[in-house]
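Participant: Those protein sequence lines, which keep their order, are chains A and B.
Under UniProt numbering, the first residue of the first sequence carries the number 1, and numbering increases by one thereafter.
Under UniProt numbering, the first residue of the second sequence carries the number 1, and numbering increases by one thereafter.
Keep in mind that the hints were calculated from the coordinates and are not lab data.
Be careful, since some hints might not be right.
Since the list can't tell identical chains apart, any single copy or any two copies may satisfy a pair.
Stated by the list, open to error - As a list, the in silico DSSO-like pairs of lysine-lysine whose alpha-carbon atoms are at most 27 angstroms apart: (1) Lys105 <-> Lys258; (2) Lys243 <-> Lys143; (3) Lys194 <-> Lys143; (4) Lys243 <-> Lys44; (5) Lys258 <-> Lys44; (6) Lys143 <-> Lys238; (7) Lys196 <-> Lys143; (8) Lys139 <-> Lys196; (9) Lys194 <-> Lys243; (10) Lys44 <-> Lys105; (11) Lys194 <-> Lys139.
Here's the letter readout for the chains.
Protein chains: 2
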Amino acid sequence: MARQVFYVSDGTAITAEVFGHAVLSQFPMEFNAITIPFVETVDKAFDVVEQINESFITTGERPLVFHSIVSPEIRDVIYGSEGLDHDFLNTFVAPLEQQLGVSAKPVMHRTHGIANETYDGRIEAINYALDNDDGQTLKNLDKADLILLGVSRCGKTPSSLYLSMQFGIKVANYPLVEEDMDNLRLPTQLLAHKDKLFGLTINPVRLHEIRQNRMSNSRYASVRQCRAEVMEVEQLYKKQRIKYVDTTNKSVEEIATKILAETGLERHMF
Amino acid sequence: MARQVFYVSDGTAITAEVFGHAVLSQFPMEFNAITIPFVETVDKAFDVVEQINESFITTGERPLVFHSIVSPEIRDVIYGSEGLDHDFLNTFVAPLEQQLGVSAKPVMHRTHGIANETYDGRIEAINYALDNDDGQTLKNLDKADLILLGVSRCGKTPSSLYLSMQFGIKVANYPLVEEDMDNLRLPTQLLAHKDKLFGLTINPVRLHEIRQNRMSNSRYASVRQCRAEVMEVEQLYKKQRIKYVDTTNKSVEEIATKILAETGLERHMF
Chain A
1 MARQVFYVSD
11 GTAITAEVFG
21 HAVLSQFPME
31 FNAITIPFVE
41 TVDKAFDVVE
51 QINESFITTG
61 ERPLVFHSIV
71 SPEIRDVIYG
81 SEGLDHDFLN
91 TFVAPLEQQL
101 GVSAKPVMHR
111 THGIANETYD
121 GRIEAINYAL
131 DNDDGQTLKN
141 LDKADLILLG
151 VSRCGKTPSS
161 LYLSMQFGIK
171 VANYPLVEED
181 MDNLRLPTQL
191 LAHKDKLFGL
201 TINPVRLHEI
211 RQNRMSNSRY
221 ASVRQCRAEV
231 MEVEQLYKKQ
241 RIKYVDTTNK
251 SVEEIATKIL
261 AETGLERHMF
Chain B
1 MARQVFYVSD
11 GTAITAEVFG
21 HAVLSQFPME
31 FNAITIPFVE
41 TVDKAFDVVE
51 QINESFITTG
61 ERPLVFHSIV
71 SPEIRDVIYG
81 SEGLDHDFLN
91 TFVAPLEQQL
101 GVSAKPVMHR
111 THGIANETYD
121 GRIEAINYAL
131 DNDDGQTLKN
141 LDKADLILLG
151 VSRCGKTPSS
161 LYLSMQFGIK
171 VANYPLVEED
181 MDNLRLPTQL
191 LAHKDKLFGL
201 TINPVRLHEI
211 RQNRMSNSRY
221 ASVRQCRAEV
231 MEVEQLYKKQ
241 RIKYVDTTNK
251 SVEEIATKIL
261 AETGLERHMF
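With the hints as constraints, model all of the structure from the sequences given.
Facilitator: Right, dumping it as structure tokens:
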């Protein structure tokens with residue numbers, strides 16, 4: 001049976017989840033995770049303890065409890081459960097206090113809260129990505145931090161949205177169509193921003209599979225068509241000396257961070 | 001001067017960043033962060049060590065080095081720097097091995113890689129959010145996990161995209177317009193999925209500020225109009241017994257996780 005895991009936080013619990021997932025993915029076994037966010041009062045903390053203890057009684061195994069709780073009072077209550085505690089936040093806070101010679105000043109909701117001067121820039125970046133998705137306009141390219149190129153369904157849109165959401169980067173994306181390919185040329189509006197261009201490519205068979213889901217047995221989805229488009233687009237990147245990354249077998253996170261590593265664009269944090 | 005911080009990873013470094021940001025946000029001081037992802041070889045690790053040592057020489061202060069590195073060889077190289085190491089991953093792996101009675105089997109790129117059966121579902125959710133944004137169609141509501149309601153510019157689109165990207169949830173969103181308000185009624189297509197409806201509301205003055213950025217000094221952006229719309233929309237939620245959340249002063253993460261907590265929708269991990 002899968003081992004029971006609790007992620008507990010007085011905030012969104014996103015940090016506890018992301019980090020717990022990273023730690024647990026090192027173990028070759030199954031986990032059953034329950035996330036309990038917004039445990040902002042001692043009363044709620046006692047409810048959580050009850051839930052943890054219940055799981056212990058039912059399964060006979062101590063649940064793993066990963067917590068990132070800022071308030072010491074609430075943390076102490078959670079520590080009183082029958083679970084095995086892993087205190088993500090405070091494990092590192094005490095040594096850091098020594099190293100920095102500064103006491104921590106815990107404030108709730110600072111991590112994923114809105115008290116962040118770059119936050120509006122993030123929402124602006126998300127809106128920018130939506131307004132400038134799929135080549136629907138080439139009018140705002142002067143405001144772009146990055147312009148992604150690629151054939152239809154190679155991953156431009158999810159990558160653009162992730163870059164805006166996670167890192168606050170303004171990304172336009174442009175689908176290369178047959179007219180562009182014919183002469184291995186790019187529209188002049190794009191060439192005017194050549195330093196912002198970045199290409200995506202993909203394995204043609206994978207592209208075929210993805211397109212089949214949208215329009216099965218169309219010319220658009222045929223392996224032959226996919227192969228031709230990918231070949232042409234890679235030629236175009238080489239001819240125009242545009243850096244590019246292969247999205248096949250890469251997650252959105254991997255594509256996005258590869259692009260940032262290649263371009264040197266700054267990763268903002270929210 | 002801001003203390004120098006390095007986030008080092010053999011993967012995307014997103015886990016190291018998110019977690020480091022959470023830990024450091026507890027300290028009332030400035031940090032200057034450099035993220036170095038994809039440190040996949042011992043050679044690259046030595047380059048990183050050089051960069052860390054350089055920073056120590058230049059600033060006279062030992063930089064903080066937060067790493068989440070799976071490979072022991074690469075990790076050992078990083079430990080050899082002049083920085084102050086905080087090993088996010090392995091600090092928790094050793095005690096977990098004892099508690100679980102299972103040895104960790106470190107595999108690179110497992111955290112944010114694509115080897116995840118739910119990954120295609122995530123891309124599908126992102127595409128769903130885009131295709132069903134802003135009420136552009138009401139045809140696919142049977143496939144939605146959640147339908148967000150709200151007046152224009154109250155946060156529906158960023159919330160929908162975040163829920164799809166982070167948690168793999170299929171979210172449609174619908175902007176309540178004056179026709180809907182007139183009789184405090186909802187379109188019948190929405191009423192057919194009443195259990196999926198969730199409302200957003202916002203402080204009228206904040207709404208006015210946001211709308212001013214889009215269309216300044218319009219009727220649409222006026223405080224009076226914003227106040228009327230918000231009042232009506234809240235009445236509608238109450239009348240129709242639709243749960244809702246106030247987005248004012250909340251980050252996208254907070255809005256998304258509040259909605260999940262209220263609806264009980266499952267948080268998938270990627």
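Participant: Are the hints correct? Go through all of them and say.
Facilitator: Status of the hints after comparison with the structure:
no. : hint              : verdict
1   : Lys105 <-> Lys258 : between (35 angstroms within a copy, 25 angstroms between copies)
2   : Lys243 <-> Lys143 : within (20 angstroms within a copy, 38 angstroms between copies)
3   : Lys194 <-> Lys143 : within (13 angstroms within a copy, 41 angstroms between copies)
4   : Lys243 <-> Lys44  : between (51 angstroms within a copy, 21 angstroms between copies)
5   : Lys258 <-> Lys44  : between (41 angstroms within a copy, 15 angstroms between copies)
6   : Lys143 <-> Lys238 : within (26 angstroms within a copy, 42 angstroms between copies)
7   : Lys196 <-> Lys143 : within (10 angstroms within a copy, 37 angstroms between copies)
8   : Lys139 <-> Lys196 : within (15 angstroms within a copy, 38 angstroms between copies)
9   : Lys194 <-> Lys243 : within (11 angstroms within a copy, 48 angstroms between copies)
10  : Lys44 <-> Lys105  : within (23 angstroms within a copy, 36 angstroms between copies)
11  : Lys194 <-> Lys139 : within (15 angstroms within a copy, 40 angstroms between copies)
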